[in-house]
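Taken in sequence, the protein lines are chains A and G.
The opening position of the first sequence corresponds to residue 468 in this note's numbering, with each subsequent residue numbered one higher.
The opening position of the second sequence corresponds to residue 884 in this note's numbering, with each subsequent residue numbered one higher.
Any given hint could be a false lead.
Below, simulated DSBU-like cross-link-like pairs (lysine-lysine); rule was C-alpha separation at most 35 Å, straight line [what the hints assert, rightly or not]:
| no. | chain 1 | residue 1 | chain 2 | residue 2 |
| --- | --- | --- | --- | --- |
| 1 | A | Lys573 | A | Lys515 |
| 2 | A | Lys715 | G | Lys1126 |
| 3 | A | Lys716 | G | Lys1090 |
| 4 | G | Lys1126 | G | Lys1090 |
| 5 | G | Lys1132 | A | Lys716 |
| 6 | G | Lys1132 | G | Lys1019 |
| 7 | G | Lys1126 | A | Lys719 |
| 8 | A | Lys715 | G | Lys1090 |
| 9 | A | Lys716 | A | Lys515 |
Hint data in this document are derived by calculation from the structure and do not stem from the laboratory.
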Amino acid sequence: MIDEPYRWVEAIANRREYIEHELASGSPTMALSCAEGVLLFTFGKERKKIFEIYDRIAMGGIGHPGDLERLRMLAIELASTEGFTRSAADVSLRRMVNYSFSPTLKQAFEQIYGAPYLARLLFVELGDDPDLDLFVRLDYDGAMHGNAMAPGKFRDHFGVISGTRRSTEAIEAYLRGTKLGGLEEALTTAIRAWAIGLFMADEEHREVPEEAVLHEFLRERLPEYTVEAALLERRSRMRIAFVELDEKKLAKSMDPFRT
Amino acid sequence: MDVIEPRDRFPGIPEAQSVESNDFVSVLRRRGALARPVTAVAPSAITETQATTILAFKFADGVLVAGDRRATAGNVVMYDRADKVLEIDRHSVMAIAGSPATAWEMARVLEHSFQFYRRSQLQEMSVEGKVRALSKLLRDNLGMVIQGVGVVVPLFATFDTKAAEPAKVFFYDAMGAQFEATDFAASGSGGPSVRSILYYENTWGSKPLRERDQAAAITVALRALDTAAESDTATGGVDRYGKIFPVIKVIGRDGIQSIEHDELASRFQAALT
C-alpha cells in the first residue's frame, strides 16, 4: 500500500509527527560564541548531552540515547579517520555535515520500512575568531540550519536545538538581541536563554516572560536539573580545545538564579 | 555444523557497538586507511634512515624525556633537526629510536588511538592500556623487524595523576616486549653510554635522579647526550656551532612542558663553566 505515492507522503507525515512528539520534551541545548571560545550549555536530568567530537568540534544532542550514540560515534569516526589520514586541519564540520550526516539522516528518515534516527543535533566548530565560529543544527530528516552555510548571510553567533520549534525560535529571538562578550556574560545569557526556551515550550505560555517571572520560573526548576557546560577554548595551549566546565566553575554564574 | 561468529551470537547488535569499535586501529583497518603490514619481501638494499639516542628518567617533579636531533642513513647525516620526542596526549610522551618512517607513523596511530578512545568512551585510557597499545603496534611491525628494516625501539613516559607513584617510564624491545623502568631508560645507538651515565649519576652522583629538581635534571640530560655524541657518530648531542640542542620535555602534574631553546642554551653554558 505504501507503493502508492500518496501513502508514502502520508507515512512520512506520520513519521514526522511521531518523531516531533518524541523530541518535544528535549531540554534546550545551545552554543554561544564568546571571546574565550565557544560555550556549549544545557541543563539535564540524567543523560549527558554535550560531547567532544574532535580537536575543535563539539556536539550537542537531544533525542533517543541509542540514536545519539550511533550518530556521535559516526562523527568521531569520520573526524578521527580524516584527521589521521590527512591532518587535523582537514577535518571540517562543513564537509562532515553536508556530505555525511545530512544524507545519512535523510535516507534513514525516508526509508519507511527502517527505523529513523530520533535525534536532533547541534554541531559547533571553533574558529580562530568569533566571526569564524560555525554552528549547524541538524534534524532527524537531514535538514540543516547553519549560521554560515550560505555566503553573504548575516552570521549569528550562536546555535540552538530544543524540543519544539516554538522553544527554539524563542531562544533564537532572545539570543539575537544579545551581544558577544566574555565567558561569564555568555554563561548568564545561556542560563536565561535556556529558561526562556523551557518556558516557551509550554503551549499555554504565549509571550516571553518578564525578568521577575523568568527568575521565579528558573528558581523553581533548577533543583531538578544539573548543569552541563563545556568550552571550546580559542587560545588553547593544546591542539585539543574542548574543556568541560564543572559545577564549581559555574557556581558564580548560577548562584544569582537560585535565590 | 556451522561455526558461529561471536558477532552472530548477539543478533541485532550492529558492528558499531562491538568490542573492536573503541579501538581506532580496527576502525582504520575497516575503513582501509591503515597501511597493510609488509609480510615477505627480499631484504632491502636501501640504506635506512635511523634516528638515535633517546632517554627518559624520573626526577623530583615528574619525568624528563630527551632526544638528540640527528637522523642518519649509514654514514650520511640525513637531518640535524629531527624531533624524536613526541607528545602523544596531555600527559604522555613517546621517544623514538630506529626507523623514523615507521616510528612517526606509530606515534600518529598512538596519538589518534588515545584521543579516539577518550572521546568515544568518555574516559581516559588506563596507563596499562596505553603501554599495551604501543606494544601491539610494535608487534604488528614484526614482519619488518625480521627483515631488518623499519625497526623501532621506543620509550614511553607518562604521568599518571591518579597513581601513588605518578611518574612512569617504559621501554620496549623491537618485538614489542614492554618493561617498566624503575628510574631511567635509554635507547638508540648512543643508548649504552647514556645508560651508563644515568646509572652512574643515579647511584654514585651527588644524589639520586629522583631527588633532583628540574634545572638539575635538564643539566644531566644535556651532559648525557653530549657525552653519547662523543663516541657515537649517529648521535647529534649538542651542536655548539649550529646552536642545535636536544629536544627536552618534562611531564608533571600539569601536563607537558617543552624546554625552550634559550633555557637549554643557558643551562648548557652554565654547566660548561
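Consistency of the hints with the structure:
Restraint check for Lys573(A) and Lys515(A): satisfied, since their Cα atoms lie roughly 25 Å apart, inside the 35 Å limit. About 47 Å separates the Cα atoms of Lys715(A) and Lys1126(G), which puts this hinted pair outside 35 Å; it is violated. The suggested pairing of Lys716(A) with Lys1090(G) is violated, with an alpha-carbon distance near 42 Å, which exceeds 35 Å. A hinted pair counts as satisfied when its Cα atoms are at most 35 Å apart, and Lys1126(G) with Lys1090(G) qualifies at roughly 30 Å.
Simply put, Lys1132(G) and Lys716(A) have alpha-carbon atoms about 30 Å apart, close enough for the 35 Å limit, and the pair holds. Taken as a hint, the Lys1132(G) and Lys1019(G) pair is honoured in the structure, with Cα atoms around 25 Å apart against an allowance of 35 Å. Between Lys1126(G) and Lys719(A), the direct Cα distance comes to roughly 50 Å. Violation of the 35 Å bound is thereby established for this hinted pair. Restraint check for Lys715(A) and Lys1090(G): the C-alpha separation of about 42 Å exceeds 35 Å, so the hint is violated.
Pair hint Lys716(A) plus Lys515(A) holds up; C-alpha atoms about 18 Å apart against a cutoff of 35 Å.
Checked against the numbered hints above, the structure violates hints 2, 3, 7, 8; every other hint is satisfied.
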